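Visitor: Start from the sequences and build out the full structure, keeping to the hints where you can.
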Amino acid sequence: MRRPSSQKPSSSDSQKRSWSKEEDQKLIDYIQKHGEGCWPSLPQAAGLRRCGKSCRLRWLNYLKPDIKRGDFGEDEEDLIIRLHALLGNRWSLIAGRLPGRTDNEVKNYWNSHIRKKLIQMGHRDPNNPRHHRFNVGSVKSEPSNSVNNNIEDHKVLEPTSKPEFNLNAFPDLNLDLTLTAYCYSGDDR
DNA sequence: AATCCATCCAACCGCGGCAGG
DNA sequence: GCCTGCCGCGGTTGGATGGAT
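Numbering (this note's numbering), first residue to last: 46 to 234.
I should point out that these hints are in silico values taken from the structure, not numbers from a laboratory. Note that this is a predicted model, so its numbers are computed, not measured. Heads up, the beta-carbon is just placed ideally off N, CA and C, and yes, glycines get one too. A couple of the hints might just be wrong.
To be verified - Okay, derived cross-link-like pairs now, PhoX-like style, lysine-lysine, Cα gap no bigger than 20 Å in a straight line:
1. Lys98 x Lys66
2. Lys66 x Lys78
3. Lys152 x Lys113
4. Lys152 x Lys98
5. Lys98 x Lys61
6. Lys66 x Lys109
7. Lys113 x Lys66
8. Lys98 x Lys109
Unchecked claim - Label-pair restraints from in silico Cβ distances:
9. Lys152 x Ser63: 16 to 26 Å
10. Gly118 x Arg94: 29 to 39 Å
11. His79 x Gln165: 39 to 49 Å
12. Met166 x Cys83: 42 to 52 Å
13. Asp116 x His79: 29 to 39 Å
14. Trp84 x Met166: 34 to 44 Å
15. Asn156 x Gly115: 10 to 20 Å
Guide: As structure tokens, then:
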């Protein structure tokens, strides 16, 4: 059994509390100086009254220089829908295909926008955990720029008992997340 | 103007995986 | 093999905000 994390914040720090500009700057300065890593010891070293996990989250989701803020484009939304059909709630994997987007951002966008949209259009609740991913084997593989076309595709999806998917259904998707340059050709905001 | 309600999203929590001792 | 600690992930929460009444 897992013991209580040593990173658990003290009771005074456990409340949700927004990051101030000063805190952000301290974190940025420290990471620029020492690099990422050693999160548990970072707060003390950087003079922050936060737990390491909180610092890590703040850096990865908001302070990192390559983070892209702002609305999701149609292409991005389309890609998220298709990747979610393939991968389920693997937000980090999905976010890995969207440069500058974080898993938290993708997850929030899915829950607040896309899920609602799909349900409104008569789909089954697409927000199922990874336990029953959709079977995408029957989906046509035509590359499409249209969100609607892809949503149509999803109407034939059914939950499967096995967490399997057919990569051939998405020949244009590059799921090699580790080595290859990103191949998404969305807008350049 | 005040209150209620729904929505969004930043932040937190708990857990699993993994590495090192 | 077991224990401990760190990292990263997905789920959830709660404050802020804006629209409706």
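Visitor: Hint by hint, say whether it matches the structure.
Guide: How the hints compare with the structure:
{"no.": "1", "hint": "Lys98 x Lys66", "in the structure": "holds (18 Å)"}
{"no.": "2", "hint": "Lys66 x Lys78", "in the structure": "holds (18 Å)"}
{"no.": "3", "hint": "Lys152 x Lys113", "in the structure": "holds (15 Å)"}
{"no.": "4", "hint": "Lys152 x Lys98", "in the structure": "holds (18 Å)"}
{"no.": "5", "hint": "Lys98 x Lys61", "in the structure": "holds (13 Å)"}
{"no.": "6", "hint": "Lys66 x Lys109", "in the structure": "holds (14 Å)"}
{"no.": "7", "hint": "Lys113 x Lys66", "in the structure": "holds (19 Å)"}
{"no.": "8", "hint": "Lys98 x Lys109", "in the structure": "holds (15 Å)"}
{"no.": "9", "hint": "Lys152 x Ser63: 16 to 26 Å", "in the structure": "holds (19 Å)"}
{"no.": "10", "hint": "Gly118 x Arg94: 29 to 39 Å", "in the structure": "holds (38 Å)"}
{"no.": "11", "hint": "His79 x Gln165: 39 to 49 Å", "in the structure": "holds (48 Å)"}
{"no.": "12", "hint": "Met166 x Cys83: 42 to 52 Å", "in the structure": "holds (47 Å)"}
{"no.": "13", "hint": "Asp116 x His79: 29 to 39 Å", "in the structure": "holds (34 Å)"}
{"no.": "14", "hint": "Trp84 x Met166: 34 to 44 Å", "in the structure": "holds (41 Å)"}
{"no.": "15", "hint": "Asn156 x Gly115: 10 to 20 Å", "in the structure": "holds (18 Å)"}
Of the numbered hints listed earlier, not one is contradicted by the structure.
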